[in-house]
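Engineer: Now for the letters of each chain:
There are 2 protein chains.
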Amino acid sequence: MSVTPQPYTFSQRAQKITSSAIREILKVTERPEIISFAGGLPAPKGFPVDAINTAFDNVLRQNGRSALQYGPTEGYAPLRAWVAQDLARVGANDVSPEEVLIVSGSQQALDMLGKLFIDPGSKVLVESPSYLGALQSFSLFEPAYQAVPTDLGGLIPKGLTDERVQDARFIYALPNFQNPTGTTLNLERRKALVQRCAQANVPIIEDDPYGDLRYAGEDLPGLLGLGRAAGATVIRLGTFSKVLAPGLRLGYIVAPRPIIAKLVQIKQATDLHTATLTQMAVYETIKSGFLKTHLPAVRELYKQQCGYMLTAMQEFFPSDVTWTKPEGGMFLWVTLPGHIDSNELLQRAIQNKVAFVPGEPFYAGVTPQTNTLRLSFVTVPEEKIREGIATLGRLIAESGTGLKAA
Amino acid sequence: MSVTPQPYTFSQRAQKITSSAIREILKVTERPEIISFAGGLPAPKGFPVDAINTAFDNVLRQNGRSALQYGPTEGYAPLRAWVAQDLARVGANDVSPEEVLIVSGSQQALDMLGKLFIDPGSKVLVESPSYLGALQSFSLFEPAYQAVPTDLGGLIPKGLTDERVQDARFIYALPNFQNPTGTTLNLERRKALVQRCAQANVPIIEDDPYGDLRYAGEDLPGLLGLGRAAGATVIRLGTFSKVLAPGLRLGYIVAPRPIIAKLVQIKQATDLHTATLTQMAVYETIKSGFLKTHLPAVRELYKQQCGYMLTAMQEFFPSDVTWTKPEGGMFLWVTLPGHIDSNELLQRAIQNKVAFVPGEPFYAGVTPQTNTLRLSFVTVPEEKIREGIATLGRLIAESGTGLKAA
Chain A
53 MSVTPQPYTF SQRAQKITSS AIREILKVTE RPEIISFAGG LPAPKGFPVD AINTAFDNVL
113 RQNGRSALQY GPTEGYAPLR AWVAQDLARV GANDVSPEEV LIVSGSQQAL DMLGKLFIDP
173 GSKVLVESPS YLGALQSFSL FEPAYQAVPT DLGGLIPKGL TDERVQDARF IYALPNFQNP
233 TGTTLNLERR KALVQRCAQA NVPIIEDDPY GDLRYAGEDL PGLLGLGRAA GATVIRLGTF
293 SKVLAPGLRL GYIVAPRPII AKLVQIKQAT DLHTATLTQM AVYETIKSGF LKTHLPAVRE
353 LYKQQCGYML TAMQEFFPSD VTWTKPEGGM FLWVTLPGHI DSNELLQRAI QNKVAFVPGE
413 PFYAGVTPQT NTLRLSFVTV PEEKIREGIA TLGRLIAESG TGLKAA
Chain B
53 MSVTPQPYTF SQRAQKITSS AIREILKVTE RPEIISFAGG LPAPKGFPVD AINTAFDNVL
113 RQNGRSALQY GPTEGYAPLR AWVAQDLARV GANDVSPEEV LIVSGSQQAL DMLGKLFIDP
173 GSKVLVESPS YLGALQSFSL FEPAYQAVPT DLGGLIPKGL TDERVQDARF IYALPNFQNP
233 TGTTLNLERR KALVQRCAQA NVPIIEDDPY GDLRYAGEDL PGLLGLGRAA GATVIRLGTF
293 SKVLAPGLRL GYIVAPRPII AKLVQIKQAT DLHTATLTQM AVYETIKSGF LKTHLPAVRE
353 LYKQQCGYML TAMQEFFPSD VTWTKPEGGM FLWVTLPGHI DSNELLQRAI QNKVAFVPGE
413 PFYAGVTPQT NTLRLSFVTV PEEKIREGIA TLGRLIAESG TGLKAA
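If you read the protein sequences in the order shown, they are chains A and B. Quick note on the numbering used here: the first sequence kicks off at 53 and runs consecutively. Quick note on the numbering used here: the second sequence kicks off at 53 and runs consecutively.
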């Protein structure tokens with residue numbers, strides 16, 4: 053067999069990107085006949101279309117030419133100031149607008165932080181499991197992942213042993229309604245985490261896309277405020293994707309000034325700046341307290357959807373299956389009996405027109421637990437949730453009766 | 053003196069980013085009393101604010117929820133199809149929408165191409181001088197630049213010797229009204245370039261942000277169409293920044309499918325996708341031929357502005373100064389007598405309330421010609437152009453009379 057020579061050579065990092073089998077399978081889930089719990093999409097019912105339309109119209113009519121011109125890499129000043137002030141809600145009272153950098157969605161923040169901190173082989177600490185999109189972003193910079201021990205209460209600060217933290221470039225953590233598990237770090241662990249990281253000089257990247265979507269339990273202070281008090285370096289990522297709409301691609305990074313300064317230079321080389329019009333329109337939407345009235349409705353919607361799924365699981369899942377009960381966010385995490393491989397379960401589920409994301413790709417720096425899977429409950433209507441969960445329950449039960457070997 | 057240890061370690065690449073002296077100086081140029089020829093900003097007069105506002109309103113009213121939801125990484129399908137078809141105007145008739153990837157402005161394309169092609173030490177060929185933003189993007193991936201010999205007709209294909217092209221990951225070229233020089237590659241050189249690159253297996257990155265802004269001379273076929281015919285790998289970058297407005301941050305990459313496939317994975321890790329709403333609104337704006345009526349007005353505006361500057365230079369610049377006469381775009385390039393350093397000239401110019409960008413930072417992989425500078429003519433009103441050029445002419449003349457040594 054002759055091989056045609058490629059007229060180009062990709063970088064080492066690009067050669068290492070492989071087309072994930074999961075992604076190929078999940079493409080199928082976009083077919084309308086599939087009941088998909090695989091997506092990470094927020095519920096479009098929650099998008100304030102009219103308010104956003106009015107905001108775009110106001111901005112373009114009043115400041116059209118500025119809104120359509122290049123803007124500063126740091127972001128639109130009034131939006132940076134809004135973010136800085138808003139952080140008081142998560143217990144960080146003293147944030148300056150100059151510690152805020154506007155980005156094109158949190159995913160871009162992850163890419164920029166990869167550029168900032170990761171050399172090939174650098175140690176990076178991640179929860180186990182962790183957010184797949186972060187692992188994909190960081191991986192382009194070829195880190196050596198180390199998993200931090202994690203249980204149903206989130207990451208275990210005592211697992212940050214001297215050996216584990218040594219020379220770590222950062223720890224990446226999602227304290228609220230984590231993706232993929234839906235678990236939340238309690239106050240005691242938050243305090244222990246920031247103290248340990250302050251003492252060990254490990255920066256914390258606090259990714260909090262879902263914090264505003266709490267529909268049970270009590271608000272907890274974020275790692276940013278706790279960390280500042282404890283002398284830790286905390287870099288907080290926030291986004292408007294879940295409180296307004298993801299199609300805007302708007303997020304932000306909060307960090308100490310020397311880190312922001314470097315990130316501004318990196319952002320300039322990455323995409324110059326985030327769309328001026330979008331920043332101005334989002335600021336126009338939220339500047340007079342819109343989120344205070346909008347968010348309760350979104351939370352109620354998500355709470356209801358979560359309830360539908362929990363009720364259905366209780367009814368249809370075999371008794372040897374366990375799952376998390378999230379206090380907010382979009383996801384829950386299912387642990388199957390140890391002998392069931394969720395990759396195989398997915399194949400059968402798709403044949404039966406149901407989809408989810410198997411747990412394996414969420415693990416880095418540790419042997420994956422292949423008997424786990426992630427379910428998203430926010431976009432599927434109640435009846436379809438019941439139908440899909442019933443199907444999954446049946447397939448799981450069948451896995452325990454020897455059908456797997458057939 | 054004691055040094056406080058940093059509680060974090062940046063990557064090698066981030067440590068190498070230095071705050072450019074030029075950037076610090078140019079910050080001054082944002083003061084309103086400065087006549088600035090330094091900017092790279094298009095003229096806001098040319099932004100079709102009303103058409104864009106109508107488009108956003110239509111999209112949000114008719115498809116608000118889709119426009120605000122996550123979208124495919126490849127981009128909005130109708131916009132990809134529009135771009136593919138539009139390429140016939142530059143002589144590429146057979147482009148499939150699947151060879152088009154939508155990005156958040158051309159600058160992002162440069163970042164993604166750096167990720168795709170550059171390992172530390174990889175040889176990258178650039179024009180001499182070349183676009184500063186590209187050099188900044190690529191530099192994050194630590195290439196070894198090699199300059200391709202360039203004259204007032206653009207890059208010289210005969211300069212692509214065997215030694216120079218060997219193991220080059222790509223050549224980066226701006227064939228139309230180049231930034232910074234304003235020069236255009238003639239048809240003969242275009243053909244020679246794509247033939248040489250086809251034969252030497254060097255991919256060409258054709259960056260063409262200004263191609264639609266031609267106001268003199270005749271349209272020439274782009275490297276994409278010529279390259280395809282000659283068997284070269286051409287990756288073409290386009291943008292809506294200059295034909296509509298830069299604050300939207302919308303551009304595109306055209307490339308062979310295997311390259312697009314890798315870039316899609318890279319883009320997913322970089323920012324998931326470009327804002328759905330922006331893509332839909334831009335498509336809504338241009339889908340019925342808007343640019344055919346809009347662009348002539350923009351071209352006329354730029355032609356006029358360019359004329360103001362050329363006239364003023366003719367009148368006020370000493371006879372030993374030369375400059376390019378662009379057929380389009382936003383910039384022209386000035387060559388001073390060899391003994392004048394444009395960095396020093398800038399210091400004196402700013403004291404006299406005029407700014408430009410000195411030539412030095414545009415050079416990579418070669419000794420910079422420090423007696424050069426870039427002028428942008430598009431945003432400054434006629435009288436201010438005359439005033440600023442008169443001041444510059446005087447300062448240049450003074451440089452020749454020994455004042456430099458004072």
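Treat the hints with caution; some may be incorrect.
Because identical chains cannot be distinguished in the list, a pair is counted as satisfied if it fits within a single copy or across any two copies.
Pairs of lysine-lysine residues, derived as DSSO-like cross-links and limited to a Cα-Cα distance of at most 30 Å, are as follows [to be verified]:
(1) K68 / K344
(2) K405 / K97
(3) K405 / K377
(4) K175 / K243
(5) K210 / K79
Hints are computed from structural coordinates only; laboratory data are not their basis.
Engineer: A separate judgement is required for each hint: does it hold in the structure or not?
Structural biologist: Against the structure, the hints come out as follows:
1. K68 / K344: For K68 and K344, the Cα distance exceeds 30 Å both inside one copy (45 Å) and across copies (44 Å).
2. K405 / K97: Within one copy, since 24 Å is at most 30 Å while 54 Å is not.
3. K405 / K377: Answer is within: at 25 Å inside a copy they meet the 30 Å cutoff, but 64 Å across does not.
4. K175 / K243: Within one copy only: 23 Å inside, 48 Å across.
5. K210 / K79: neither (39 Å within a copy, 47 Å between copies)
In this structure, the earlier hints numbered 1 and 5 are contradicted, and the remaining ones agree with it.
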